[in-house]
Each structure stands twice: as structure tokens, then as C-alpha cells.
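When you get a sec, could you build the whole thing from the sequences and use the hints?
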Amino acid sequence: MTCPLTVHRVRDLILKTAGDVVGPFGQHGRLTGTIPKKYTVIPADRYGFDRLLRFWDKLRGASFVFYRGIYTLIKADMLRQHYEFNEEAILSLYIALDASFSLVKSHLQPSGIENPSAHDAAVWLHNHFDAPFGLDAPDVTTRYFESFYEERVITMHPESRYGEFPYAPIMHDDIPHLRRSLREIFAYLLLKEHGEDFHRDIREHLAMLPNNSGL
Numbered sequence: 002m003t004c005p006l007t008v009h010r011v012r013d014l015i016l017k018t019a020g021d022v023v024g025p026f027g028q029h030g031r032l033t034g035t036i037p038k039k040y041t042v043i044p045a046d047r048y049g050f051d052r053l054l055r056f057w058d059k060l061r062g063a064s065f066v067f068y069r070g071i072y073t074l075i076k077a078d079m080l081r082q083h084y085e086f087n088e089e090a091i092l093s094l095y096i097a098l099d100a101s102f103s104l105v106k107s108h109l110q111p112s113g114i115e116n117p118s119a120h121d122a123a124v125w126l127h128n129h130f131d132a133p134f135g136l137d138a139p140d141v142t143t144r145y146f147e148s149f150y151e152e153r154v155i156t157m158h159p160e161s162r163y164g165e166f167p168y169a170p171i172m173h174d175d176i177p178h179l180r181r182s183l184r185e186i187f188a189y190l191l192l193k194e195h196g197e198d199f200h201r202d203i204r205e206h207l208a209m210l211p212n213n214s215g216l
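2 is the number of the first residue of the sequence shown in my numbering; add one for each residue after it.
Source of the hints: derived by calculation from the structure; they are not laboratory data. Ideal Cβ placement from N, Cα and C applies to all residues, glycine included. What you were told as hints is all true, and nothing was included just to trick you.
Each computed DSS-like pair below joins lysine-lysine, with the alpha-carbon atoms no more than 25 Å apart:
| id | residue 1 | residue 2 |
| --- | --- | --- |
| 1 | Lys106 | Lys76 |
| 2 | Lys59 | Lys106 |
| 3 | Lys193 | Lys59 |
The calculated label-pair distances, taken between Cβ atoms and stated as ranges, are:
| id | residue 1 | residue 2 | range |
| --- | --- | --- | --- |
| 4 | His195 | Ser64 | 19 to 25 Å |
| 5 | Leu54 | Ser161 | 43 to 49 Å |
| 6 | Ala132 | Gln82 | 33 to 39 Å |
| 7 | Leu60 | Pro159 | 35 to 41 Å |
| 8 | Leu54 | His158 | 38 to 44 Å |
| 9 | His206 | Pro44 | 17 to 23 Å |
| 10 | Glu165 | Tyr48 | 39 to 45 Å |
| 11 | Leu53 | Ser161 | 40 to 46 Å |
If you want it as C-alpha cells, here you go:
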């Protein structure tokens with residue numbers, strides 16, 4: 002590969018092969034990353050830079066549990082960049098989920114709940130995140146992120162009371178759904194308020210209701 006002509010020929014061959022790939026999978030799927038993409042500018046308000054300094058200031062007094070939750074949330078983002086590591090990404094999110102559960106329980110204790118349960122955490126989650134969208138309140142048996150309980154057990158234990166599984170029961174939308182939910186929970190627990198994107202989602206939801214169609 003010391004000859005410049007050889008290098009150029011190899012480069013042209015790689016680009017041609019990448020251009021012939023029809024999807025991200027298969028023998029040459031990863032070569033698609035060598036094709037230059039059009040540069041685009043992402044609006045700054047997408048990232049909430051206006052709250053960045055407040056986050057940094059509040060993090061100074063955050064607990065180790067909070068840091069562990071944020072760390073595993075970031076780690077999940079890194080792992081999910083490669084579909085082969087989706088199982089490891091969801092495992093990191095499960096750790097972040099458990100951290101958020103501990104933080105919510107600590108948040109509830111000053112309100113008079115001496116020993117908050119998973120149901121108490123579910124009620125808190127509904128009141129602060131689901132109720133504004135008109136979702137039904139949890140019943141008396143609902144637990145915090147209950148829909149992920151069986152998946153967590155099966156993913157972390159190849160053999161459990163649910164049986165034996167050769168693969169993790171990960172759905173395509175599990176990672177983005179859980180990741181966004183945890184991001185919002187951590188942010189709310191840190192600043193004690195919702196971000197503008199949450200309020201924007203509520204406005205869009207209300208605008209779609211029949212009685213608000215003219216607003």
C-alpha cells in the first residue's frame with residue numbers, strides 16, 4: 002500500500018462497493034459509513050442549551066445514585082450505535098431505570114411517604130408525566146415501569162420462572178422509549194421542572210383533541 006496509485010484504486014473500490022450496498026446489514030453493510038453525507042445544521046433549541054448551566058450547577062450536589070444513572074444512560078447511547086450491542090444497551094438502561102426508581106423513592110420521602118413502594122413511584126410518574134396527556138391513572142397493583150419487569154428478568158436471567166430463552170426479548174422501540182423517559186425523569190428530579198419540549202408536546206396533544214380543533 003505504499004504506492005499512491007494503489008491507494009486510490011482501493012479507495013475507489015471501497016466507495017463503489019459501499020454505493021452498491023442496499024442496507025446496513027450484510028457482508029459490506031458497514032462500508033456505507035465511508036460515503037460522505039450532506040452537512041446539516043441542527044437547531045440549538047433541540048438540545049436545551051438554555052438549561053445547560055443549571056444542570057451543571059445542580060449536579061454538584063447530586064448523589065452517587067444519580068451519577069450512576071446518568072453514566073449508564075450515556076453508556077447506552079454509545080452501545081446502541083451498533084445494533085450488535087442492543088442487548089448491552091438495554092442492560093445499561095435497566096441500571097439507569099433502577100437508579101431512577103431509587104431517586105424517585107428518595108424524592109417521595111419528604112412528602113410523608115416513609116417507605117415508598119414501586120406503586121407509589123408509579124403514581125408519582127403518572128401524576129408528573131402521564132396525567133397531562135389524559136392517560137388513565139395506575140390501578141392499585143401497578144408498579145414503576147411495570148411493563149419492563151418481565152423483559153428485565155428474561156434479559157438478565159437466561160433461565161427464570163418465565164422459561165429458558167436463547168436471546169433477549171428486546172423490542173425495536175424499547176431503547177428509544179425507555180431512554181427518552183429516563184432522560185426526562187432525571188432532568189425533572191434535578192431541576193424540579195419540565196423542559197420546554199415537554200410543554201410543547203402537551204400543547205401539540207391538546208391541539209389534536211376534538212374540542213380544541215379550533216384553537
